[in-house]
Amino acid sequence: MLNHVLRRFFQAFLVLILVALLIFLMLRVVPGNPIATMMGEHANAAAIERMTSELGLDQPIPVQFFRYILNALRGDFGTSYSMGKPVDRLIRTAFPNTLILALCAALFAWVVGIVCGTISAVRKNSVLDRLFMGFSLLGVSVPVFMAAMILQYVFAYHLHWLDISGVKSWKSFILPAVALGWNSAGSISRLVRSTLLEILQADYIDTARAKGRGQAGVLIFHAMRNAMLPVVTMMALQLSSLLSGAVITESIFAVNGIGRLAVQAIEGRDIPLLQGTALFSTALVILGNLTADLLYGVLDPRIRKEVVR
Amino acid sequence: MRNILEVRHLCAGFPTLKGEAVAVNDVSLTVPEGKIVGLVGESGCGKSMTARAVMGLIRYPGRVISGSILLDGRELVGMPKKEKRALRGSEMSMIFQEPMTSLNPVMKVGRQVEEAIRIHEKVTAEEAARRSVEILTKVGVPEAKKRCLCYPHQLSGGLRQRVMIAMAMILGPRLLIADEPTTALDVTVEAQILQLMRTLSSGGTGILLISHDLGVIAQLCDHVYVMYAGRIVESADVNELFDRPLHPYTRGLLNSVRSLRGGGDVLDTIPGAVPNLTRMPAGCGFSPRCPERCDECVMDVPGLVDMGNGHLVRCRPAEGEEAK
Ligand SMILES: Nc1ncnc2c1ncn2[C@@H]1O[C@H](COP(=O)(O)OP(=O)(O)OP(=O)(O)O)[C@@H](O)[C@H]1O
Ligand SMILES: [Mg+2]
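For the protein sequence lines, the chains are A and B, in the order given.
Position in the first sequence (from 1) plus 777 gives the number in this note's numbering.
Position in the second sequence (from 1) plus 34 gives the number in this note's numbering.
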């Protein structure tokens, strides 16, 4: 088991290095001198050259990359050009907002998704089932920015229950979390419903009922545990995409998180910052996948056994 | 002798586009205390459906249409769900056809075995665990304590089937329904499981043994019901049935087994197949395949007639023959 975990960690680390290389190369093969682009049209040649050597960009690319990785391992991602602050400090101040937003969105998605999916499966084809599945279809098909604007319109502009944007208190996270989590809630409730419906047909469900389990007992002790296998995997994967995919939501609701930072980096042609945020988000996704993988192993004894071997 | 189970004129079926498909048609059968009663018939003739009807576990959208099911004198048809649930697992239990998929894959074997105790009795965890080890040992699971900590996929087919039996037996039910308990097993394991059934029934449990293997039925049962296309077509004590099979279908079944055992060149099979439930022939369901069919057979369904010795048969030509 430990062996397996270590191997997975090592694989994840390799993927991370590879992705770093990709991001690094992509930002360097864009045509034109990035420093010139960064400093704008009016900078003179001498200043550009000075900046280039200051950032080490006159070195050969392998050297640059090696140095970047070494520094990154020490937590140094360079200095943001547009904000004049170390990239790691910027990320560190932005991350809590992203994390809170993602966790709230995930919590919303999981609770709503599991509850609605379960009710839908148990009361298949009822009015509630149709209602929930309608909402989840909306969730998976309406783009985040639409959902965000609808929520802003209804709850902030029209009902005045919540602020339109900006972070003032915990309440400020409600609308963005719902906007961001709606999509996940939709896919989770659909997955829970279809998985449960399939599992409720399984032979071991009959066995449980033959022992005298009632509907609730069958659901809690037998169906849910089995249904959770694919659901937990999906949840872990979603958490990582919620953490890294809040660019639009953060911008619309003016939440100062990683996503917004990345947008600012692009706008400010800020290569160190862009590189840092991209790498950080990638790391989150890889971590999410790793967690999903390991969780599945813990939850499913059949896999656990293979792992032990 | 007390009758643990009395099924009277049971009909059960599924709604289909062409109306209700009646999979169990006017079935009556009796399982006395301490006896093993066989239910035989080809695949799809309604054996499992009958068993599920007794347990109250017919899958949606199937249902019991009419008839009565008495468990130790209590009517099960129309009994409130909660009362029925209290009987399942304690008074009556069932071993399902598929030992490979009938155990929960993510629950330890021990917990699954003791589950019935936890549902029906108030006992401590230690007591429940102790009793599950005890019953597993009794049904011949070696190193039962260790096996309790296993997951189903870590056990062989034979062990899983024993676990299923242990699970069904743990509260000492009055009625045990065993749906093809040995189909998935090899011969030695089968013999052990059958021996186990014998022991159980000598302890007073009434067993309804479903099988399409006449060999198993001959070894084990006291009384046999032969089912065809949803109906009981013949019923007799086991020796009577094997010595004097009256229904052409029963004879066909016996002949096919004998030709298998005898190692003859030609396998004696019954030509044709079980009719589709929604396209039942008029009259006797077996008539399209019957070598002894006469004009009357296709007119209407013959009744079950007592031919003496409690030997019942649903066949006009057979009645006529005996009368001669
Ligand atoms: N969900 C369903 N919908 C419609 N018909 C069904 C359904 N389940 C079973 N049947 C039909 O009911 C009939 C009886 O099925 P049953 O499972 O009782 O057969 P069986 O005698 O147990 O056969 P086997 O030996 O294969 O187990 C079959 O003709 C089958 O096609
Ligand atoms: Mg069956």
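Just so you know, not all the hints are guaranteed correct.
To be verified - Which residues of chain A face chain B? A few of them, derived with a C-beta cut under 10 Å, are:
| hint | residue |
| --- | --- |
| 1 | 831 |
| 2 | 833 |
| 3 | 836 |
| 4 | 839 |
| 5 | 981 |
| 6 | 984 |
| 7 | 992 |
| 8 | 1006 |
Claimed, not checked - Per label pair, the in silico range of CB-to-CB distance:
| hint | chain 1 | residue 1 | chain 2 | residue 2 | range |
| --- | --- | --- | --- | --- | --- |
| 9 | A | 905 | B | 93 | 17 to 27 Å |
| 10 | A | 784 | B | 252 | 49 to 59 Å |
| 11 | A | 905 | B | 156 | 34 to 44 Å |
| 12 | B | 225 | A | 787 | 50 to 60 Å |
| 13 | A | 1007 | B | 156 | 58 to 68 Å |
| 14 | B | 97 | A | 1007 | 51 to 61 Å |
| 15 | B | 187 | A | 781 | 12 to 22 Å |
No lab work stands behind these hints: they were computed from the structure.
We put the CB at the ideal spot given by N, CA and C, even for glycine.
Outcome of the hint check:
Look at residue 831 (chain A): its Cβ only gets to about 58 Å from chain B, farther than 10 Å, so that hint breaks. Evaluation of the residue 833 (chain A) hint against chain B yields a violated restraint, the C-beta minimum of about 54 Å exceeding 10 Å. Residue-level restraint check for residue 836 (chain A) is violated (minimum Cβ-Cβ distance to chain B is 55 Å; threshold 10 Å). Violation of the interface hint for residue 839 (chain A) is found here, the shortest Cβ-Cβ separation to chain B being roughly 49 Å, above the 10 Å cut-off.
Residue-level restraint check for residue 981 (chain A) holds (minimum Cβ-Cβ distance to chain B is 4 Å; threshold 10 Å). Hint on residue 984 (chain A) holds. Least Cβ distance to chain B is approximately 5 Å, under the 10 Å limit. At a threshold of 10 Å, the smallest CB-CB gap from residue 992 (chain A) to chain B is about 9 Å, leaving the interface hint in force. With its C-beta approaching chain B no nearer than about 8 Å, residue 1006 (chain A) sits inside the 10 Å limit, and its interface hint holds.
Our hint of 17 to 27 Å for residue 905 (chain A) and residue 93 (chain B) holds, since their Cβ atoms are close to 23 Å apart. Separation of residue 784 (chain A) from residue 252 (chain B) is about 57 Å and conforms to the stated range, judged on CB atoms against 49 to 59 Å. Against the hinted window of 34 to 44 Å, the Cβ-Cβ separation of residue 905 (chain A) and residue 156 (chain B) comes to about 35 Å, which satisfies the hint. Distance hint check for residue 225 (chain B) and residue 787 (chain A): the Cβ-Cβ separation is about 52 Å, which falls inside the suggested range of 50 to 60 Å.
Hint check: residue 1007 (chain A) to residue 156 (chain B), Cβ distance near 36 Å, so the stated range 58 to 68 Å is violated. A C-beta distance of roughly 32 Å is found between residue 97 (chain B) and residue 1007 (chain A), which places it outside the suggested range of 51 to 61 Å. Between residue 187 (chain B) and residue 781 (chain A) the beta carbon distance is about 18 Å. The supplied range of 12 to 22 Å therefore holds.
Going down the numbered hints, you'll see the structure goes against 1, 2, 3, 4, 13, 14, while the others check out.
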